[in-house]
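Whenever a hint applies, use it, and build me the whole structure from the sequences.
Number of protein chains: 4
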Amino acid sequence: MGDTMTRLLVVSASPRVYGYSRRAAEFARRVAIEVEGVEARWIDLYDYKLHPCVGCVSDNVKACYRPCPVDDDWEEIARLVEESDVLILVTPIYWYNVSTPMKCFIDRLTTFENAIFVEGRSRLEGKVAAFAAIGNDVGAIAVIQNLMVVLNSMGAAIPPWALAYHESDDSPLRSDKFVLDMANVVHCSVLMAKALKGLEKPREWYRADKEFVERVKRIAEEVDSEFEDLIYSS
Amino acid sequence: MGDTMTRLLVVSASPRVYGYSRRAAEFARRVAIEVEGVEARWIDLYDYKLHPCVGCVSDNVKACYRPCPVDDDWEEIARLVEESDVLILVTPIYWYNVSTPMKCFIDRLTTFENAIFVEGRSRLEGKVAAFAAIGNDVGAIAVIQNLMVVLNSMGAAIPPWALAYHESDDSPLRSDKFVLDMANVVHCSVLMAKALKGLEKPREWYRADKEFVERVKRIAEEVDSEFEDLIYSS
Amino acid sequence: MGDTMTRLLVVSASPRVYGYSRRAAEFARRVAIEVEGVEARWIDLYDYKLHPCVGCVSDNVKACYRPCPVDDDWEEIARLVEESDVLILVTPIYWYNVSTPMKCFIDRLTTFENAIFVEGRSRLEGKVAAFAAIGNDVGAIAVIQNLMVVLNSMGAAIPPWALAYHESDDSPLRSDKFVLDMANVVHCSVLMAKALKGLEKPREWYRADKEFVERVKRIAEEVDSEFEDLIYSS
Amino acid sequence: MGDTMTRLLVVSASPRVYGYSRRAAEFARRVAIEVEGVEARWIDLYDYKLHPCVGCVSDNVKACYRPCPVDDDWEEIARLVEESDVLILVTPIYWYNVSTPMKCFIDRLTTFENAIFVEGRSRLEGKVAAFAAIGNDVGAIAVIQNLMVVLNSMGAAIPPWALAYHESDDSPLRSDKFVLDMANVVHCSVLMAKALKGLEKPREWYRADKEFVERVKRIAEEVDSEFEDLIYSS
Numbered sequence: 043m044g045d046t047m048t049r050l051l052v053v054s055a056s057p058r059v060y061g062y063s064r065r066a067a068e069f070a071r072r073v074a075i076e077v078e079g080v081e082a083r084w085i086d087l088y089d090y091k092l093h094p095c096v097g098c099v100s101d102n103v104k105a106c107y108r109p110c111p112v113d114d115d116w117e118e119i120a121r122l123v124e125e126s127d128v129l130i131l132v133t134p135i136y137w138y139n140v141s142t143p144m145k146c147f148i149d150r151l152t153t154f155e156n157a158i159f160v161e162g163r164s165r166l167e168g169k170v171a172a173f174a175a176i177g178n179d180v181g182a183i184a185v186i187q188n189l190m191v192v193l194n195s196m197g198a199a200i201p202p203w204a205l206a207y208h209e210s211d212d213s214p215l216r217s218d219k220f221v222l223d224m225a226n227v228v229h230c231s232v233l234m235a236k237a238l239k240g241l242e243k244p245r246e247w248y249r250a251d252k253e254f255v256e257r258v259k260r261i262a263e264e265v266d267s268e269f270e271d272l273i274y275s276s
Numbered sequence: 043m044g045d046t047m048t049r050l051l052v053v054s055a056s057p058r059v060y061g062y063s064r065r066a067a068e069f070a071r072r073v074a075i076e077v078e079g080v081e082a083r084w085i086d087l088y089d090y091k092l093h094p095c096v097g098c099v100s101d102n103v104k105a106c107y108r109p110c111p112v113d114d115d116w117e118e119i120a121r122l123v124e125e126s127d128v129l130i131l132v133t134p135i136y137w138y139n140v141s142t143p144m145k146c147f148i149d150r151l152t153t154f155e156n157a158i159f160v161e162g163r164s165r166l167e168g169k170v171a172a173f174a175a176i177g178n179d180v181g182a183i184a185v186i187q188n189l190m191v192v193l194n195s196m197g198a199a200i201p202p203w204a205l206a207y208h209e210s211d212d213s214p215l216r217s218d219k220f221v222l223d224m225a226n227v228v229h230c231s232v233l234m235a236k237a238l239k240g241l242e243k244p245r246e247w248y249r250a251d252k253e254f255v256e257r258v259k260r261i262a263e264e265v266d267s268e269f270e271d272l273i274y275s276s
Numbered sequence: 043m044g045d046t047m048t049r050l051l052v053v054s055a056s057p058r059v060y061g062y063s064r065r066a067a068e069f070a071r072r073v074a075i076e077v078e079g080v081e082a083r084w085i086d087l088y089d090y091k092l093h094p095c096v097g098c099v100s101d102n103v104k105a106c107y108r109p110c111p112v113d114d115d116w117e118e119i120a121r122l123v124e125e126s127d128v129l130i131l132v133t134p135i136y137w138y139n140v141s142t143p144m145k146c147f148i149d150r151l152t153t154f155e156n157a158i159f160v161e162g163r164s165r166l167e168g169k170v171a172a173f174a175a176i177g178n179d180v181g182a183i184a185v186i187q188n189l190m191v192v193l194n195s196m197g198a199a200i201p202p203w204a205l206a207y208h209e210s211d212d213s214p215l216r217s218d219k220f221v222l223d224m225a226n227v228v229h230c231s232v233l234m235a236k237a238l239k240g241l242e243k244p245r246e247w248y249r250a251d252k253e254f255v256e257r258v259k260r261i262a263e264e265v266d267s268e269f270e271d272l273i274y275s276s
Numbered sequence: 043m044g045d046t047m048t049r050l051l052v053v054s055a056s057p058r059v060y061g062y063s064r065r066a067a068e069f070a071r072r073v074a075i076e077v078e079g080v081e082a083r084w085i086d087l088y089d090y091k092l093h094p095c096v097g098c099v100s101d102n103v104k105a106c107y108r109p110c111p112v113d114d115d116w117e118e119i120a121r122l123v124e125e126s127d128v129l130i131l132v133t134p135i136y137w138y139n140v141s142t143p144m145k146c147f148i149d150r151l152t153t154f155e156n157a158i159f160v161e162g163r164s165r166l167e168g169k170v171a172a173f174a175a176i177g178n179d180v181g182a183i184a185v186i187q188n189l190m191v192v193l194n195s196m197g198a199a200i201p202p203w204a205l206a207y208h209e210s211d212d213s214p215l216r217s218d219k220f221v222l223d224m225a226n227v228v229h230c231s232v233l234m235a236k237a238l239k240g241l242e243k244p245r246e247w248y249r250a251d252k253e254f255v256e257r258v259k260r261i262a263e264e265v266d267s268e269f270e271d272l273i274y275s276s
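Chains as they are written, first to last, in this note's numbering: chain F, 43 to 276; chain X, 43 to 276; chain A, 43 to 276; chain G, 43 to 276.
I should point out that these hints are in silico values taken from the structure, not numbers from a laboratory. The structure displayed is predicted, hence computed values, not measured ones.
Identical chains share a label here; the pair holds if one copy fits it or two copies do between them.
Listed below are the simulated DSSO-like cross-link pairs for lysine-lysine, each with C-alpha atoms no more than 27 Å apart in a straight line:
no.	residue 1	residue 2
1	219	259
2	104	219
3	104	252
4	259	236
5	252	219
6	219	236
7	236	252
See below:
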């Protein structure tokens, strides 16, 4: 991929089209484009056909590789992952853990990581990863610590402040804390991706300056309102 | 269910028919029947059609109830759960977490727990739950601690010594430690179920007496050998 | 210990005498005595001199035993643990984990668990354990899942609904949800201890009936108000 | 600190002077100096007087700041943290968690992180952090995922492959896998620190080339042998 371009992929796994995790994901995408000036795309795994990993690697360590033999939409998703410098995972909190399709996504990423045993190097090595967990009860850290150590074990770099969470039955986009943390998940991820390409030398990471705060709050309001409309049209 | 009868359900989620998690699950079933003298059944979730939870509960807290509106094999599994006093979950370790179908099983159990909001009480309350995690790398405790706190949050009782784990690329049924721990997962679960029904007053829990050790090792050898045969016939 | 008597020990580890974890601990003690009618005691580990475990067991598996060679107040605490049927651990959330003295308590409990290698059986086997975590930010489940799997690995039984948590900068004793959950942590623990002694056969666990709710809310108000007074006198 | 210099601090928390965590820590220090060519220092927390955090921040958010009011050796340790670009934490696994002094170290680091509320920015922001966990039983990931999400929440960047673990009663320095992983924890941390200073543009991270492997294995053998000698002289 182009050395001077940064591409960000937001992956959520939320069943409801107007759900809070999808809002947070779309918010992240817009911050990436409008504030950070990078290319960004958002997908939700519930919109894809995705089957569980069948564990080929346990029979033959070289068998887990792309294209994955499971017949579903994985390769379509995999191409988006491949092209991205930054991966932001946004999951609802289901029983102090990720939702099922997010678990499936993680398991299927083994086709990237296991390139170690085929090509000598993980295909996620050096990509940047960051995380958000959203629920109406507790468990955010239990979820995020799992995702963080997993992506790191696959070779991803984790920028400072790579987590945002929201445990409430209100929209996360109406919480100033979440909005600023989520915007910084995007900001720090992009900054890290640029630093690793030698395009920028970070001096500070978390942004809480007035200009940034106002811009991201405006975006949060817009996105939240667009999703509220979805409730009535669905 | 009959007050003097104990029924145990082992649920595994392992893609390969000769896989190590399935061996551990079948071993648990046999120990339950042959050593503990209770009714026992084993299912593997990879043998069922199971779709992700669609989060009805987030729209309407009373909407998550049985029968679950997702059209798949859930109700068949749910009936087995309903009839059981003891639930033993056996999962492979996939990225320091459960496999995808086990995550799906957990999410779909919300139809039991959420009876709180419909009937006033979780349908898992007072059932006994215990756990095993099997992989060729680390992560067993990260997996088990999630399952344990989840099942407890759904109302299950956890007997002493409710965990067995195996992190190696050998068969768990060839490890004396795993075999004894797994047999005790079954033994302590059954003892707890009986104690909660007033049928038995436990004085000791973990069994390591010679008779027990020899019996369960013999069962482990038998089961392991049956599964080895599956490799060649598959 | 007397077969018909139930003794409960609440252990907190909170530095401030008017802190929220201490309030929750004292509330648990009072519910145990006033509602459950059992003997109960509360200690806070910050009031004891406690040094880190020095890992004798790594040199000699039989060396970790009581009395512990570390020269501090451990034996005094250990006697209280020994005499108890139920152990309720209440911890503040410090960095998605327990506070330092609670970690120290856990490590020093090895002197009980490791009796396996000296006497053939853990001295915690069959005791009942339950948990509460209190903080002004997230992390409760990360904390509780660690404590739960640890105590279970030491031989403790975990009753249904063995967890209460509070993530807010208000007093937990002013939260109806926390108060009811914490009271049920006590109730279910006592019920489990009685069931394991053959004194009672549980039919239902979580209590939300009006009488119970009103009694425990009154106790919560009293305890909270007593602790508020401590702020001004400290 | 000098923009072209990289300083690495290894912090372990292992009671025995010949213990495995100390060996891993000393190995990391030597790899940093001999292979990576950076300044490096190792301390073990058991060699310092360190008291539990007293939670000032809960009374007054601005009160937690350096110098910490707790009267012990913290400021001495804090100065080393302050001067470092890279922090490598090496902990024994005690009950699926860090040892007590490591927990204490984490809690006391709040004096760095909480500078957010005094100076507007965490004093750990942009430092690089990585982790190792060593025990003779399971739990490594449960430990590391807590440390990783905590350091990240304090503002640290996590390089790819920032974890090494060893669950065995042999020396980690005799395990080829651990030695290579631990050396890469150091290598990737230094590379990340340099990248964030604009001194280097990483193309690859994990090193498994023959030259690297041979050098770090030789260092591992030397360190292990030096520590074996300590057993006999202690």
